[in-house]
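K.L.:
Chains as they are written, first to last, in the numbering used here: chain P, 1 to 287; chain G, 1001 to 1654; chain C, 2001 to 2184.
Simulated from the structure, these hints should not be mistaken for laboratory data.
Possibly wrong hints are sitting among the right ones.
Claimed, not checked - Here are the simulated PhoX-like cross-link-like pairs (lysine-lysine), alpha carbons at most 20 Å apart as the crow flies:
#: 1; chain 1: C; residue 1: K2165; chain 2: P; residue 2: K12
#: 2; chain 1: P; residue 1: K103; chain 2: C; residue 2: K2016
#: 3; chain 1: G; residue 1: K1234; chain 2: P; residue 2: K161
#: 4; chain 1: P; residue 1: K284; chain 2: P; residue 2: K138
#: 5; chain 1: C; residue 1: K2146; chain 2: P; residue 2: K203
This one's a predicted model, so the numbers in the text were calculated from it and none came from an experiment.
One-letter residues, chain by chain:
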Amino acid sequence: MEYSYYPGCSLKSSSKDYAESVKQVSDKLGITLIELSNWACCGASVSHIPEESLSLALPALTIAEADKYSRDIVASCAACFNRLKSTHLLLGKYPEKKIETEKLIGKNLSVKINVKHFLEVLFEEVKDWDSIIIKKLKGLKVACYYGCLLTRPNDMIKDGKSEDPRMMDNLMEKLGAASIDWPFKTECCGTSFGLSKPEVVLKLSGRILRSAKKSGAECIVVACPLCHSNLDLRQSQIEKYNNLKFDLPVFYFPELAALALGIDYRNLLLDKHIVDPMPLLRRKDLI
Amino acid sequence: MRIGVFICHCGTNISGVVDVVKLAESISHYPGVVISKENKYMCSDPGQNLIKSAVKEYNLDRIVVASCTPKLHENTFRACLEDLGLNPYMLEIANIREQCSWVHSDNPELATKKAEDLIKMAIARVRFAKELTCSKVTIERRALVIGGGVAGIQSALDIANAGYHVTLVERTPSIGGRMAQLDKTFPTLDCSACILTPKMVEANRHHLIKILTYSEVEEVSGFVGSFEVTIRMKSRSVEMKKCTGCGMCQSKCPVKVDSEFDEGLSKRRAIYMPFPQAVPNIPVIDRANCRYFLEKKCGVCKKVCPSDAIDYDQEDTILKEKFGSITIATGFDLFDHSAYGEYGYGKLKNVITSIQYERLVNSSGPTGGHIIRPSDGKEAKKVAFISCVGSRDNKMGKPYCSKVCCMYTAKHALLLKEHVPDAEAYIFYIDIRAAGKNYEEFVYRVQENYRVKYIRGRVSKIFEEGDNLIVRGFDTLSGESIEMEFDLVVLAVGVIPRKDSDSFARMLNISLDANHFVGELHPKLAPVEKNTPGIFLSGSCQYPRDIPESVAMAGAAAVKSLSLFAKEFLTSEPMISEVNTSICTGCLNCKNICPYRAINEEEIKDLDGKIRIVAKVNETICRGCGTCVASCPSQCINLKGVSNEQILAAIEAL
Amino acid sequence: MIRNGISQTLALEIEKRTKINVFGCYQCGKCSAGCVFSYLMDTPPHLLMRLIQLDMREKALSSNTFWGCGACVTCSFRCPREIDVLRVINTVRSIAIEERVLSRNNSLKDVPIFNEIFMNNIIGNEHVNEFLLGANFNLKSLKFFKDISLLPVLYKKDKLTARKKASTRNIKKIVEGLKGNNGI
């Protein structure tokens, strides 16, 4: 199936590894992601944007762009996905907001196409994983971390259990991994406070890493570049701040899907990870 | 035709806006009006005497009173006519207060004009007034009580003690209801079972009370004074006459299933009595779980029964009986907390419900009164009690307050301290609602003497860390975040309507309120009555009720039955619909639309001998709502007292 | 001290912008209990709601609630009165920015600086240039050496280069359009 693809800013810079794994997996599975030519930043988080009309206008720019092709939009960044979908829902709910936003961006909005996260796409498109998996992720204990923006508000990804989502866990289990049950799946990692008030991230992401470790995870799986950056890039800072040792590699979910689908790990830019995942993958005989 | 018009000042309520003196004068010239008078209070004795003397003096045969709404004083003026020997229905009320002076106080002139129009319309209607009479209906002086909890038991006892027969129908194998499950009662800390079981025994012994347990009401038809009720007595597979209640069968039965009575905290057998003091003291076989019924094997109970009471072939018995009144005392269910994802979707082992805690803390309960946690049987030393789980929560579709949780939660915390003196109890609440005799004092005691920590703030998340639970809350009074570890968390789950309340209401043809509780006739003045005459309410089927309230309601509902039974006969409402069978086409639109199921089909023989079907109104059931009149395509139904010709005449008078 | 009664100008302003009726809030505190950022705030969410209800405008606008908020949506999602608390918080921030009310608490002073740099960044590039975002933030917040240790790693792992400057200037146009209206 064909989708309009909205990669978002991070996948073009700090998270090229995520972008690459999305590309590899969708190519392998025959999912056609056609990148929108004129996309703009979604605003990342409503708390960065001084007023609501602007926080709606930014995602609306991309929604209007996607309207041209009447294909569903796919985002792989949780924040992009949330901003696009929330805006989409709000404009559908309040017609006067839609008119105001259309005026602001100078374009009409159909509010008809769906907004999906790449996780949903994988989940919906592939019915029978068993027949296509080359290498099961046997024995790999993963903690699926959804973060805040994938499941809130209610049922952003159509999962049914926003407080204990299962979609990524189910995917991991289909790939052969063992997903652990843990209570911090949807706790916030500290978002962009990494720049403006780093202690926040060190504290909040520290709790997430601690909970995952305590629950027996060997690695964390994420669906958001900012979550990845906070848990992976800042892991050594977090360890220092909390005086704990984690050593937990952090994967993007398509990276693990790619390995299971038999894609050569050397195509995956895994060397961009800060916490080196190679020892774990070698230990589990996955590379 | 001699009409008198009587216009009320209602103090200054009407006369402050409407010029009643001028009105009386102008109306007196209206065709057919013999006399027109005004008075300060027409409903007062002098006002009524004015009407009476005018009727006599001018030989009036019908009157119009222009006053407040007919809801208030229509009966007063009807009685006035009756005293004079006139038919009470030769009366029309023109509502010139609620429909005129109160809403048009800003424009007295037009208000006076409108009042005049309203009176003219009433005059037009009264011209076509017909004498109406009530018919007499006999009363079946037996009461049906549905539900064998404390509300149902008390209602049955109150009716039976007044000398009337009562049938008490209970769905489960024993009467006793929720109260039988409770440990202590607030605020007196009486042992719940100790004060309930004497009532259960008394009801069982009473020669006028017939208790049908393991039975359900399946169908209700008829009307006040004469309800026809079908009751299914499910087969117990045990012959009640032979069984001695020795309990041998349930001690030998090899099947174990979760006990409903202990809320899943213990196991019962496939043949079981729900609890030791069950009334009747006779077990039932739960056929859905019995090995004999599932696999045609076993038969142990039959083998060990010393009185040969087990009967695998027993069948359900259908009972059809007539009752004069029905009391609904079906009680409540509890909110299923698995709807709360933030509290673990009901999957956290050491998060239990308040009713489970009642069983846990009960000395004859599954743990012998030891407050231990389900995961490892360790004694709970630090317990969080969380209020308003499924109450005051619009997100969960439960906007109302369950009313009893604040008190039972205070009691729970107190009992924890009594059972485990060195334990710590924390109550997370939003507001403490302790409106009841000695309730507030009870809460003081829990706070001051038992040092239970009250934390004002709803809990946002509960999660496991190892076997312990972490509760994330906030004390809104101090502004302090709270993240504390507990051994056990008790959720004060809200009181909700019975899960089958919708189908139950359909069966009885009664209405439910917005929250699906059984709605009352009037929230202030008729809280135990339904809009269907002869159906009364008791206990938590109406709204969450504590024990004293349930008992009080039970008595009130019983009095309603008794005042019905005390009458020699019932009189039917005269303002009901009638069918002109000569033009009825038998389409039966009216039958299908009637909200009271008062219309049936009838075969009549035409003059030429042909048989045809027409609609027939059951005079005792019809409430005179007029829905059928509006639905009749051939306009052959008329509402007596508000006939089509009266309405047309009123419109023409405008 | 409340002496002369309580008006509702702030509540009405919020209602006008968002259609949210803040008087539905009964201060159960579930928002504050679930908020992982509440420890940063001088006014946790339920208390901000109260300040709005009491029309304590100054206190509400000079609170740091909206600078501490990470927009994780937990408050709105779990609110038993179904109030979109996050939208209320954001709206109070908008009003505070419009009226140039300063936070009475200095502990989160870098957050508005970050936000401003973020906005300028996307106005200039149409998308986020993460390297420029970090660098400019360090300059503006006078934290020249913050995360400096991460730099070599980021460089080595090619996490600093970004998408080419876009040809379109849509974001700039919108912001300029808004400035014409009421100024941001």
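K.L.:
Each hint: holds or not?
P.N.:
Each hint tested on the structure:
1. C:K2165 <-> P:K12: Roughly 11 Å separates the two Cα atoms, so the pair holds.
2. P:K103 <-> C:K2016: Given that 20 Å is the threshold and the Cα spacing comes to 19 Å, the pair holds.
3. G:K1234 <-> P:K161: With Cα atoms ~39 Å apart, K1234 (chain G) and K161 (chain P) exceed 20 Å; violated.
4. P:K284 <-> P:K138: At roughly 8 Å apart (the allowed maximum being 20 Å), K138 (chain P) and K284 (chain P) satisfy the hint.
5. C:K2146 <-> P:K203: Roughly 17 Å between the alpha carbons, so the hint for K2146 (chain C) and K203 (chain P) holds.
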